[in-house]
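Peer 1: Could you build all of it, start to finish, from the sequences and the hints given here?
2 protein chains.
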Amino acid sequence: MKRWKCTMSYDGTLFYGFQKQPNKRTVQGELEKVLSRMHGGAEVRVTGSGRTDAGVHAKGQVIHFDSPLHLPPAAWKKALNAQLPEDIYINEAESVSDDFHARFSAAEKEYRYFLHTGSEADVFKRNYEYHFPYELDWERINEACRIFEGTHDFTAFSSKKATVKGSKVRTLYEVSFRKNGDSAVFIVRGSGFLYNMVRILVGTLLDIGQGKAEPEEIRTMIAKKDRGNIGKTMPPQGLYLWKVIYEKS
Amino acid sequence: MKRWKCTMSYDGTLFYGFQKQPNKRTVQGELEKVLSRMHGGAEVRVTGSGRTDAGVHAKGQVIHFDSPLHLPPAAWKKALNAQLPEDIYINEAESVSDDFHARFSAAEKEYRYFLHTGSEADVFKRNYEYHFPYELDWERINEACRIFEGTHDFTAFSSKKATVKGSKVRTLYEVSFRKNGDSAVFIVRGSGFLYNMVRILVGTLLDIGQGKAEPEEIRTMIAKKDRGNIGKTMPPQGLYLWKVIYEKS
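Residue numbers (the UniProt record's numbering), protein chains in the order written: chain A, 1 to 249; chain B, 1 to 249.
Take the hints with a grain of salt, since some may be wrong.
Said to hold, decoys possible - In silico SDA-like cross-links for lysine to any residue, where the CA-CA straight-line distance does not exceed 25 Å:
hint	chain 1	residue 1	chain 2	residue 2
1	A	Lys125	B	Ser183
2	A	Lys59	B	Leu14
3	B	Lys179	A	Asp122
4	B	Lys2	B	Gly55
5	A	Lys232	A	Thr13
6	B	Lys78	A	Tyr134
7	A	Lys24	B	Leu14
8	B	Lys2	B	Lys78
9	B	Lys165	B	Phe193
10	B	Lys179	A	Ser176
11	B	Lys59	A	Asp182
12	A	Lys24	A	Lys161
13	A	Lys125	B	Gln28
14	A	Lys33	B	Ala121
15	B	Lys78	A	Trp138
16	B	Lys212	B	Arg140
17	A	Lys232	A	Trp138
18	A	Lys243	B	Gln28
19	A	Lys225	A	Glu143
20	B	Lys125	A	Ala121
To be verified - Over 12 Å on every C-beta distance to chain A, these chain B residues come out as not near it, computed from the model:
hint	residue
21	Arg51
22	Pro73
23	Leu84
24	Glu86
25	Lys224
Hints are computed from structural coordinates only; laboratory data are not their basis. These numbers were taken from a predicted model, which means no experiment stands behind them. Where is the CB? At the ideal position from N, CA and C, for every residue including glycine.
Peer 2: Next up, the structure:
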């Protein structure tokens with residue numbers, strides 16, 4: 001038995017998210033279907049670094065699974081890509097030690113949220129960049145990014161549907177943005193994330209950029225563990241799980 | 001009754017092409033459904049500059065229709081976009097004279113065919129750029145482009161399924177390409193096009209770029225009205241109806 005780590009991208013548009021669900025097309029479901037076929041019908045359990053919701057994309061999701069098959073990394077990559085649907089692609093397969101765990105070994109994750117800021121809708125971007133054709137004060141957004149960075153209790157910035165028990169304290173190493181013509185992207189890098197946290201955080205930044213709240217209010221929201229009426233949960237199609245970083249072992 | 005001209009883009013992925021067909025989702029069908037609703041259920045016939053096949057995109061398709069409604073151009077644009085599905089977008093609506101005809105008044109059309117030439121597949125491009133990770137001799141392709149330009153009988157470069165009667169002589173004003181990192185695009189501009197002509201022409205250019213044929217063979221193919229074994233019909237997802245140009249009246 002050997003443990004394999006795969007780095008993969010997927011277009012989330014046609015998936016009901018990462019996690020397997022009965023009678024739904026999911027990323028985990030498609031992966032396990034192909035792996036089971038490669039193992040003569042035996043069940044092969046796939047573990048991801050975390051779930052992504054329906055419509056959320058990945059450029060660098062990481063999974064692991066165990067297999068008794070003797071295949072070199074390039075052959076795993078080729079065999080999986082040949083059988084997986086076109087909206088999933090394995091970028092890399094590598095053999096790892098038995099104590100590697102796609103979720104628990106992750107030291108850091110990076111998400112990106114893309115906006116199409118042009119005034120006209122673009123049919124070719126509709127599933128990949130959220131259309132936000134409103135004026136934004138990027139100076140104010142920059143100020144707000146600085147406040148988000150660091151170690152905070154992010155209760156106010158997680159979905160009330162979240163089921164995670166325990167501490168809601170997380171550390172964000174980077175909250176920044178880049179603009180390029182009619183596109184803008186938010187980059188959020190941290191130790192871990194609560195449910196819907198990036199989508200709410202971006203919603204809050206946009207409210208601040210539109211003047212609906214002051215950057216300083218973020219401190220109050222963090223302290224009160226309540227975000228009041230600002231910070232909508234942004235739609236999934238702009239969001240990408242961009243990268244998962246593991247400690248060098 | 002007033003005649004309206006609309007310039008529109010659509011993502012062809014989820015359409016069975018432009019032309020209305022019973023029980024199929026088509027661009028014309030979606031447009032006529034919305035227009036009929038705006039006219040209290042009366043049928044409004046939409047005429048396009050030409051059909052596009054299933055999976056083929058448009059950045060600048062042009063249509064016309066007649067309407068007794070008194071709406072300014074910006075209101076037409078707004079009303080149509082509010083009711084059309086997300087994969088169709090009206091870029092511009094303008095009132096035109098009664099003798100304007102989206103198809104017969106067209107003087108020139110431009111198509112573009114996009115390739116993703118990187119070695120790795122990209123899930124986010126799969127419907128928008130055809131993946132062609134093979135080495136190409138762009139010098140040879142350039143030579144072939146020069147031979148295609150001009151006035152020729154393009155019988156060899158049209159589908160045998162074509163039903164058009166009459167002359168297969170067309171004039172191509174421009175056959176060129178641009179490369180940009182992992183993307184390449186062919187630009188084909190002409191007086192008119194036969195069925196599948198751009199897709200076959202690009203297939204021929206790629207065969208020549210891969211050394212499967214010599215640029216000079218194009219002259220023989222044109223003369224013999226037969227393309228032999230080269231020049232596959234390229235898949236639809238890389239193709240865009242980019243622009244339709246009308247004589248200034």
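Peer 1: All hints, please: hold or fail.
Peer 2: Here is what the structure says about each hint:
Between A/Lys125 and B/Ser183, the direct Cα distance comes to roughly 17 Å. Compliance with the 25 Å bound is thereby established for this hinted pair. About 24 Å separates the Cα atoms of A/Lys59 and B/Leu14, which keeps this hinted pair within 25 Å; it holds. Distance hint between B/Lys179 and A/Asp122 is fulfilled; the C-alpha atoms sit about 23 Å from each other, no more than 25 Å. Under the criterion of a C-alpha separation no larger than 25 Å, the hint pairing B/Lys2 with B/Gly55 is inconsistent with the structure, at around 32 Å.
For a cut-off of 25 Å, the pair hint linking A/Lys232 to A/Thr13 stands: about 21 Å separates their Cα positions. For the suggested pair B/Lys78 and A/Tyr134, the alpha carbons sit about 17 Å apart, so the restraint of at most 25 Å is met. In summary, the hint linking A/Lys24 to B/Leu14 is supported, as the alpha carbons are separated by about 20 Å, within the 25 Å threshold. Distance check on the hinted pair: B/Lys2 and B/Lys78 sit about 18 Å apart at the alpha-carbon level, within 25 Å; holds.
Taking the CA atoms of B/Lys165 and B/Phe193, the gap is about 13 Å. The hint holds against a cut of 25 Å. A threshold of 25 Å between alpha carbons decides the hint, and for B/Lys179 with A/Ser176 the separation of about 31 Å lies outside it, so the pair is violated. Taking the CA atoms of B/Lys59 and A/Asp182, the gap is about 17 Å. The hint holds against a cut of 25 Å. With a C-alpha separation of about 21 Å, the suggested pair A/Lys24 and A/Lys161 falls inside the 25 Å cut-off, and the hint holds.
Proximity of A/Lys125 to B/Gln28 is assessed by CA-CA distance (about 22 Å); at most 25 Å being required, the pair is judged to hold. Distance restraint check for A/Lys33 and B/Ala121: the Cα-Cα separation of roughly 21 Å lies within the 25 Å cut-off, and the hinted pair is therefore satisfied. Among the hinted pairs, B/Lys78 with A/Trp138 is inconsistent with the structure: their alpha-carbon atoms are about 29 Å apart, more than 25 Å. This hinted pair checks out: B/Lys212 and B/Arg140 have alpha carbons roughly 11 Å apart, not beyond 25 Å.
This hinted pair checks out: A/Lys232 and A/Trp138 have alpha carbons roughly 18 Å apart, not beyond 25 Å. Simply put, A/Lys243 and B/Gln28 have alpha-carbon atoms about 42 Å apart, too far for the 25 Å limit, and the pair is violated. Taking the CA atoms of A/Lys225 and A/Glu143, the gap is near 20 Å; set against the 25 Å cutoff, the hint holds. For the hint pairing B/Lys125 with A/Ala121, the CA-to-CA distance comes to about 19 Å; that is within 25 Å, so the pair holds.
No Cβ of chain A approaches the Cβ of B/Arg51 within 12 Å, the least distance being about 18 Å, so the stated non-interface status holds. For B/Pro73, the shortest C-beta to C-beta distance to chain A comes to about 15 Å, beyond the 12 Å cut-off, and the non-interface label holds. A beta-carbon of chain A is positioned within 12 Å of the beta-carbon of B/Leu84; the least distance is around 10 Å. Separation of B/Glu86 from chain A is inadequate, the least Cβ-Cβ distance of about 5 Å not exceeding the 12 Å criterion.
Interface exclusion of B/Lys224 from chain A stands, the closest Cβ pair being 38 Å apart, more than 12 Å.
In this structure, the earlier hints numbered 4, 10, 15, 18, 23 and 24 are contradicted, and the remaining ones agree with it.
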